[in-house]
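> Combine both chains into one complex, guided by the hints.
This is what each chain is made of:
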Amino acid sequence: MIQFTNVKKTYDSNLTEALHDISFVIEDGEFVFLVGPSGSGKSTILKLITAEERITSGGILVGDYDLATLKPRKIPYLRRTLGVVFQDFRLIENRTVRGNLEFVMRVVGSSNKTIRERIPYVLDLVGLSEKAECFPNELSGGEQQRVAIARALVNNPKTIIADEPTGNLDPERSYELMCLLEKINQLGTTMLVVTHERDLVNCFNKRVISIDNGRVISDMENGLYDYETI
Amino acid sequence: MTFASIGIMASCLIIMCSVALIAMNLEYNLDALMAENEFLAYVDENLTDEEGEELTGQIEAIDNVAEVHYITREEALDDYVGDLEDDSLYRDLPASVLRGRFSIRVNDIEQLQDTIEQVRQVEGVVKISAALDVADGFMTMRNVTVVIALLMVVVLVIVSLFIISNAIKLATSSREGEIAIMKMVGATNSFVRWPFVIEGILLGVGSALLAFLVQWGVYQLLVQAVNVYSHVQLINMIPFEQLRMPMLITFGGIGLIVGVLGSLITIRKFLRV
Chain A
1 MIQFTNVKKT YDSNLTEALH DISFVIEDGE FVFLVGPSGS GKSTILKLIT AEERITSGGI
61 LVGDYDLATL KPRKIPYLRR TLGVVFQDFR LIENRTVRGN LEFVMRVVGS SNKTIRERIP
121 YVLDLVGLSE KAECFPNELS GGEQQRVAIA RALVNNPKTI IADEPTGNLD PERSYELMCL
181 LEKINQLGTT MLVVTHERDL VNCFNKRVIS IDNGRVISDM ENGLYDYETI
Chain B
231 MTFASIGIMA SCLIIMCSVA LIAMNLEYNL DALMAENEFL AYVDENLTDE EGEELTGQIE
291 AIDNVAEVHY ITREEALDDY VGDLEDDSLY RDLPASVLRG RFSIRVNDIE QLQDTIEQVR
351 QVEGVVKISA ALDVADGFMT MRNVTVVIAL LMVVVLVIVS LFIISNAIKL ATSSREGEIA
411 IMKMVGATNS FVRWPFVIEG ILLGVGSALL AFLVQWGVYQ LLVQAVNVYS HVQLINMIPF
471 EQLRMPMLIT FGGIGLIVGV LGSLITIRKF LRV
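Here the protein sequences line up with chains A and B, keeping their order.
Residue 195 in my numbering sits at position 195 of the first sequence; the count goes up by one each step and never skips.
My numbering runs 230 ahead of the 1-based position in the second sequence.
Chain B on its own, in the form it takes in the complex (with noise of 0.2 angstroms):
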């Protein structure tokens, strides 16, 4: 039983880090993506490229900005240009006809709304494009990543529990007649308690370290493979290294609260005599 409920509660906390292990390592790459994500801040057709670049450091000063680039018109032509197939009818055209423009960075996607806000304040700039729905698709996204792993982690905590509650109840159901006896004789609670918090805490963290190596072998398989076949890294995976000692402390802390709790649950009936 003692072999089987390690196996279990083992399975447990591997779905239950495999869920938290997939949510972290799609906010990871959502992060990513998000990183890229940049609006572009026009300026006054009437300024000059010398004179919008001078509001630079405008916008570089509001707080959510990581970072600006301003483009000239000709830059922004031959961007323009450059992404036509036939570009024949724009060659002759002036740079004029475009207007100077800031590409901007921001730090948290969550702010982005309130930062285009504090942009268009600064004088110069006339006009703002931003992907505001795909930046909430990814909020949303992450959100409802967040909210599953959550409660998967705490459905899978509350069996757990279940498992080492029922493994310390098989426990001392065969040892009933010898808890009658220590009650008879005057043991004190804490004293019939103990081995048996013991045993729920080796069983919780045995559980915890079988449950993290496994974890740790097919998490470097998995990096492995994608790196194999992902060769123009659109997924990235959190390195192990980075993952390891949270991961070790979590395992190690749930499987000792689990076990502690478990076992003291199973045994107060017992102690009723």
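Okay, chain A solo, but in the shape it has when bound (with noise of 0.2 angstroms):
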């Protein structure tokens, strides 16, 4: 469960306010899509639910995690029950596809037993099997993304946050990588997805926060990328 309530985020830096009075509620295995113009504070939001900016005011749960008074000591914990996946991929351009996920797996210290176990079927999963050796530059773009997703998820996490997944791929592709999230949504994992793609949020008829000026301007069940109209 990702619970904000009456969140405000104030940058130092510029004293500017990324976000008013943001309050709302996600549930275990739901599938929500955040939607927004540049600049409304969507990503103030992912980054305070990974800790990496922590809240003005307010207070944010995350599982068993209450960020306002979180420890910095404890933010790898909380990240260990997060996975994320980003527009770009990251992924490390040295380490084949299982290499990838191995090193994920290693960072949290699974066991060799569970590494072999789980990594042959998060790439089932994302369909990537028969790529596992092949490194990032030798694979397409919405494969990298499957590979980025399975990143994510291989460390069994309770919630995948996806920054813009489909930013960088076709409509096809786009399309093809929102069903495998869905999928993935579908095995338990509750899922976050920022995205600015109109077509594909109208298209899963889920749930869509909609926000704008640091401020949640709609919020539907079944709804759709239809923040402007209102």
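Just so you know, these hints were derived from the structure itself, not from any lab.
It is possible that part of the hints are untrue.
[Unchecked claim] Restraint-style ranges between C-beta atoms, simulated for each label pair:
| no. | chain 1 | residue 1 | chain 2 | residue 2 | range |
| --- | --- | --- | --- | --- | --- |
| 1 | B | Gly-483 | A | Leu-61 | 41 to 51 angstroms |
| 2 | B | Trp-424 | A | Asn-6 | 37 to 47 angstroms |
| 3 | B | Ile-245 | A | Pro-72 | 32 to 42 angstroms |
The C-beta atom is built at its ideal place from N, Cα and C for all residues, glycine as well.
If you want it as structure tokens, here you go:
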């Protein structure tokens, strides 16, 4: 569960108030689109969830973690409950697909046995079993993003946060990727997807939280990408 | 970059150690010179040589006194006349015109003044002749050398820290992406830190070993050269065997500390994600 309660965030550097009094709850197992124009505060919300930034006031709960009072040394353990997918994939170029997944499993101290069992399962889930020994530059954009999703998934997080995951993909690949995220969600992982892609959002018929100027302007089940008309 | 870093840092250590070695050898030679430093205590002219010599025990009992030698009037006259080119005038001089005297060597030249005062208190001693200026000169020279050596060592340690830190900075910036991913998936700071600390230690200790070997070779060559050209043994060098272990430990220690500190300082900013 992710719960924002009257969250305000002001950046110290320029005293800009990025979020004004934001509140919402994402229950376990939900699939939520977070939409809004550039500079609306979407990235700030993601940074607050991953504790890259700290809130100015209000409260955030992510699973069992209260981010308002979270000690810095606990941040790694919060992040182990989250999987993050970026627009630019951020794969390690000199490691194979398997190597990239193994790397993040080693980071959290997984055993050899777990690594051996988990990687084939996740690669199969994202449809990349055949590409396990390929390097990122040998893969298409869509495949690279699927590796990134596999990497986010491999440590079995409760929630996956995808920041513009289809930003660098053509519409067909974007649709396939969103189907993959939906499939992962159906297996029980909470999914928070930040996107600009109106057609995709409208196509999947999920909950949509629209943000503008640091405020939630709509929050609708089976919603549409329609914040501009509100 | 790694080789360059090791090279530069080893150079720093060599310069640092050379300064320290020069200071140590200077001190070694000064100590030898100072050990030659002795002063004379004249005994009362009314005392016979036998009575004068009896004071030896009292003077020996003084703390800082290393060696006491009583010079009889006859010996003093022989010394005096022997130093003169034309001794015809003094040839018939009776020894009784001179006083018996003690030649006294001290352990610590820095306490010379105190020792002189204590010898002066001995009943029967009437006059002291000591080259206090020379002793002061030696001490000033030694102190200046030590201060300069210490300053150089401090400066060069800072330079070495900077070099290690730069080498680690290069290593980390090329792996910045990896570090960001590690942090994002929940790596603890210590997990991210230790490979870089090990790299720092390897750089530091590697440089220290290289510097030690070079220093060893150069020092041995210098010792040989000094032995060949300094027939009169004006300069003595501390044998390397005496320096080997302390030097190895110091080099290793500095390499280790600078390596760990350099990497910790550099990696710190990458951990603030």
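> Decide, hint by hint, whether the structure agrees.
How the hints compare with the structure:
no., hint, in the structure
1, B:Gly-483 - A:Leu-61: 41 to 51 angstroms, "holds (49 angstroms)"
2, B:Trp-424 - A:Asn-6: 37 to 47 angstroms, "holds (41 angstroms)"
3, B:Ile-245 - A:Pro-72: 32 to 42 angstroms, "holds (41 angstroms)"
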